[in-house]
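Asks: Position chain A against the provided structure of chain S, taking the given hints into account.
Chains as they are written, first to last, in this note's numbering: chain S, 1 to 575; chain A, 1 to 575.
Hint data in this document are derived by calculation from the structure and do not stem from the laboratory.
It does not matter which identical chain is used: a pair holds within one copy or between any two.
Result set (SDA-like, lysine to any residue): computed pairs, CA atoms no more than 20 Å apart in a straight line:
no.: 1; residue 1: Lys420; residue 2: Glu403
no.: 2; residue 1: Lys58; residue 2: Ala525
no.: 3; residue 1: Lys483; residue 2: Glu503
no.: 4; residue 1: Lys58; residue 2: Arg573
no.: 5; residue 1: Lys483; residue 2: Gln493
no.: 6; residue 1: Lys562; residue 2: Gly437
no.: 7; residue 1: Lys494; residue 2: Pro350
no.: 8; residue 1: Lys58; residue 2: Arg537
no.: 9; residue 1: Lys126; residue 2: Ala90
no.: 10; residue 1: Lys126; residue 2: Gly154
no.: 11; residue 1: Lys179; residue 2: Ala233
no.: 12; residue 1: Lys420; residue 2: Val392
no.: 13; residue 1: Lys562; residue 2: Phe125
no.: 14; residue 1: Lys562; residue 2: Glu53
no.: 15; residue 1: Lys562; residue 2: Glu515
no.: 16; residue 1: Lys562; residue 2: Asp54
no.: 17; residue 1: Lys562; residue 2: Leu57
2 protein chains.
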Amino acid sequence: MSRLRIGLAQINSTVGDFEGNVERIVTGLERARAAGVDIVAFPELAVCGYPPEDLLLKPGFVTAGRRAVERIAAETAGLTAVVGFPDRDADLFNAAAVLHDGRWAGTYRKQRLPNYGVFDEVRYFKPGRSESLYRIGEAWVGVSVCEDLWLPGGPIRKMSEAGADVVVNINASPFHAGKWRERHQLLATRATDHGIFIAYVNLIGGQDELVFDGGSCVFGPEGDLLAESGSFAEDLLLHDIEVDASFRARMRGLRPRGSSRGTARVVEHIELEAVAAPASRSALPEPLKREHDDAEEVYAALVLGTRDYVRKNGFTRVVVGLSGGIDSSLVAAVAVDALGAGNVTGVMMPSRFSSEGSRADAAALARGLGIELLSLPIEPAHAAFLEVLAPVFAGRVPDVAEENVQARVRGTLLMALSNKFGWLLLTTGNKSELATGYSTLYGDMAGGFAVIKDVPKTLVFELTRWRNGRAGAPVIPDTVLCKPPSAELRPDQKDTDSLPPYEVLDPILQMYVEEDRGIDEIVEAGFDETLVRRIGRMVDASEYKRRQAAPGVKITPRAFGKDRRVPITSAWRNG
Amino acid sequence: MSRLRIGLAQINSTVGDFEGNVERIVTGLERARAAGVDIVAFPELAVCGYPPEDLLLKPGFVTAGRRAVERIAAETAGLTAVVGFPDRDADLFNAAAVLHDGRWAGTYRKQRLPNYGVFDEVRYFKPGRSESLYRIGEAWVGVSVCEDLWLPGGPIRKMSEAGADVVVNINASPFHAGKWRERHQLLATRATDHGIFIAYVNLIGGQDELVFDGGSCVFGPEGDLLAESGSFAEDLLLHDIEVDASFRARMRGLRPRGSSRGTARVVEHIELEAVAAPASRSALPEPLKREHDDAEEVYAALVLGTRDYVRKNGFTRVVVGLSGGIDSSLVAAVAVDALGAGNVTGVMMPSRFSSEGSRADAAALARGLGIELLSLPIEPAHAAFLEVLAPVFAGRVPDVAEENVQARVRGTLLMALSNKFGWLLLTTGNKSELATGYSTLYGDMAGGFAVIKDVPKTLVFELTRWRNGRAGAPVIPDTVLCKPPSAELRPDQKDTDSLPPYEVLDPILQMYVEEDRGIDEIVEAGFDETLVRRIGRMVDASEYKRRQAAPGVKITPRAFGKDRRVPITSAWRNG
Chain S
1 MSRLRIGLAQ INSTVGDFEG NVERIVTGLE RARAAGVDIV AFPELAVCGY PPEDLLLKPG
61 FVTAGRRAVE RIAAETAGLT AVVGFPDRDA DLFNAAAVLH DGRWAGTYRK QRLPNYGVFD
121 EVRYFKPGRS ESLYRIGEAW VGVSVCEDLW LPGGPIRKMS EAGADVVVNI NASPFHAGKW
181 RERHQLLATR ATDHGIFIAY VNLIGGQDEL VFDGGSCVFG PEGDLLAESG SFAEDLLLHD
241 IEVDASFRAR MRGLRPRGSS RGTARVVEHI ELEAVAAPAS RSALPEPLKR EHDDAEEVYA
301 ALVLGTRDYV RKNGFTRVVV GLSGGIDSSL VAAVAVDALG AGNVTGVMMP SRFSSEGSRA
361 DAAALARGLG IELLSLPIEP AHAAFLEVLA PVFAGRVPDV AEENVQARVR GTLLMALSNK
421 FGWLLLTTGN KSELATGYST LYGDMAGGFA VIKDVPKTLV FELTRWRNGR AGAPVIPDTV
481 LCKPPSAELR PDQKDTDSLP PYEVLDPILQ MYVEEDRGID EIVEAGFDET LVRRIGRMVD
541 ASEYKRRQAA PGVKITPRAF GKDRRVPITS AWRNG
Chain A
1 MSRLRIGLAQ INSTVGDFEG NVERIVTGLE RARAAGVDIV AFPELAVCGY PPEDLLLKPG
61 FVTAGRRAVE RIAAETAGLT AVVGFPDRDA DLFNAAAVLH DGRWAGTYRK QRLPNYGVFD
121 EVRYFKPGRS ESLYRIGEAW VGVSVCEDLW LPGGPIRKMS EAGADVVVNI NASPFHAGKW
181 RERHQLLATR ATDHGIFIAY VNLIGGQDEL VFDGGSCVFG PEGDLLAESG SFAEDLLLHD
241 IEVDASFRAR MRGLRPRGSS RGTARVVEHI ELEAVAAPAS RSALPEPLKR EHDDAEEVYA
301 ALVLGTRDYV RKNGFTRVVV GLSGGIDSSL VAAVAVDALG AGNVTGVMMP SRFSSEGSRA
361 DAAALARGLG IELLSLPIEP AHAAFLEVLA PVFAGRVPDV AEENVQARVR GTLLMALSNK
421 FGWLLLTTGN KSELATGYST LYGDMAGGFA VIKDVPKTLV FELTRWRNGR AGAPVIPDTV
481 LCKPPSAELR PDQKDTDSLP PYEVLDPILQ MYVEEDRGID EIVEAGFDET LVRRIGRMVD
541 ASEYKRRQAA PGVKITPRAF GKDRRVPITS AWRNG
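Next up, chain S with everything else stripped away, as it sits in the complex (with noise of 0.2 Å):
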């Protein structure tokens, strides 16, 4: 019986960092060499992390790719490697090198180019038109590009019909909650519709909005889920496949066999010469099942993407602003587990305002945690701002301007610690907030980097349980889930006195920000026409704070940022 020992080696690029990436790739090289693998394959533009976004349009850094595969190729003694590089030729291409016992022996070229949500690909590459299978021992491998197995037909079609057994797909595919269901349907069908395996491996790691999970991967070609890696970290996964299998699922079943134009007849059929066989390989172990949790891969992806932010940006500690509410316990937490406790600051900033409660909850955590705390009280500033503004504001009520200030007194004062000591600023508002407009421009809003701003205050809560439940004893004080959310920015301020309770905001702002529903359309779903009205203007309202905000981990379909393109000028009030 034949079998592919095959390696995908989910890495954590950075991007423009060829130096480091290459050494990434060359330690998964010398790792899949020495687990006798016959193909290992790393992620889409491994060489130069994703998305490099308009560092493409400089030369040097296209340049850059090509030395780097180069370096790359001189280490695949005694084995095939696909690596993911962009690929400069009469114009620039989303490539994948075939790399094979010390050279470079082909290239594959992306042919569907994504455009869509956070995807810019028709910006930078122009599509591949080509196809080759490689041989590999028994095996006739093919390799493709992430989005290339995202639609029926096209290139896998035609690497079926050439006779593929095995398709590598290399991937940048970023996480959202539960987005890992939708792979493996996704990868089952294709595996079924052309009686081939997939191995799909994918990138992890954080890169300003985005979080990549891994979750690489094997399906056989009866859509059975054969091997997963782990999410959110490095990791090699092995897996033999046994080459037959797919040669008897195409020959038993409903499979086409290539149209009368003879589609299969282009896709060019390259031998590999053979190589030395490994000296030992040695069984491997019978694969893990992985369990799938979304609140687990939810947590870890904030807590991977805040550690990439801060380390890749060169940063190692930060500072958090605690209020003694959930948010910003939250986002201590997982401050603490992405960077440990001796790496997090807290600063209770009481005021006239402040509850004793949330003074004692700040505390509270701080000691649960491990962090230390500092206290900076906002009232001599907040006094001296009213002072020189009293003038001017005479004969006006208090509102949300006096608001502000504290906020902004606030910011200036996290600020001032970042700039003096290099700590990151994390900011702690959530999606519910954020969306709409409930929050202080350069007040609780600043900072370099927004940990939850694309989760909602229903599921902060979620979160904030499930870590409590993780740590054996609760580090969130219990006192923070139970108080009514509040600012307190002025006596007895309640979140409910601007917004309704989030168990009805939050299923309001899905439809309208996550699924693009008409006003109509929300309030046929059963919700107060008044509401929903007051609801939309609010979210259109704020997008220029939004335009303003710190970026932030991406964890639903669809967040705020270059996920969610709508101008801030606009008289569109329908939804």
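Replies: Frame of chain S; chain A shown alone:
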């Protein structure tokens, strides 16, 4: 001699304001009818405004576009109109409706979709595949959209081979300095390529980062500019096209007459019913020759961009911090020209480091412009912050942290005025600052609209001189133009402490930011390598600030914002 009277209606659409846009279009139709026009053209996506961005993902938005066209169609008795709209059928198209004598006679769908620079059209639209010519009187008229004629070949060639005398081209083409030259050269080339008249109509108005300049025009089959609208204002340009001229040009010239495969035959020919000849059609005056002046046009772009951002977002008044420096002086002048002196409040916020000269200059400027001037000292709040921070900062020397506190006190004061009185805060940073990060996030960067964010400092000087020249008596004090630029955040601070002279900095920035030149190339152009590397590093390292910057008017070929999409997290250091 057969003539076709054409009208090019450059209007100021607002994104999402279907009601208002239809009203402007109907007014244009009435004016065109009164002028005896045969065919009148409105800009690309005129009914919904440009660019609508992700509002196009909302079905209700697209439906509103179709209804708007139906309403307009009913108003076209006695003439033909071309109107841009988003056309939903089996997919979504960027289309031009051809309306004739009260009914919808045809639709052209844009074939070439720009997806570079500020454009994301592949994100939304599918390219069209067919062309039609419309017979109006003796003329065959083709209809196309913007990018369709920016490359040779394609739909324009097919239309000309099928016998078009005139191609109407509807546009939403954003301004940058000197872009009119590119347009004129292109239109002249296309017209002579195909021996046709080209009637080019462009949008005017500001929309977030973009300003559309109009400059609608007609080119003849010999490449001659026959008529041209003014820029930055609504207009109806009228021109009588001599139909036989294009026929003569084609019969005489080198022009292609269709390939052997007969592409021209697939173009549909539609005879529009004759409408009653206009009762009285007086001869048109000789077209005026326009002069173009780059400084004047950039200044006008800033004025229109600012006015439209302010008004289309529902504001009437603005507030500007006046430091006595040239940037804030220019911004105040633009604001006054955009909104009137009565709608602009200047705020002086002196500190212990403010020079007497600066205070005097700010006061003189306010007098010269006739605007209200408030004075709010920053010392009390500044001192309060330093005192609260003293225990934490103990033993550290004062540095940028303390400087930034001052800038943020100013930002907080200005935002307090904005929040209290509903004034939009204009920020005053220029492109050289924003490029190098020589500005304080949440401090001088705070505000809703960044008027000169795309204006390099050297151009700030030029525009200020131009504005002073225009006024007769200079409104911006000469001393402002003469003194060395300073942030005045510490004693005797000068910009040149941190930056090279702007005459050196700006060309480096242009190469690095606007032209994607690598470090090596810039050094080869004659700049010091250490300096170029330092500047490149400053640009890269301040991307996080720009991501939180307010939008402002694009006036160069490459602005920050959606025109230049680079990652914050990046290890790339070679330009």
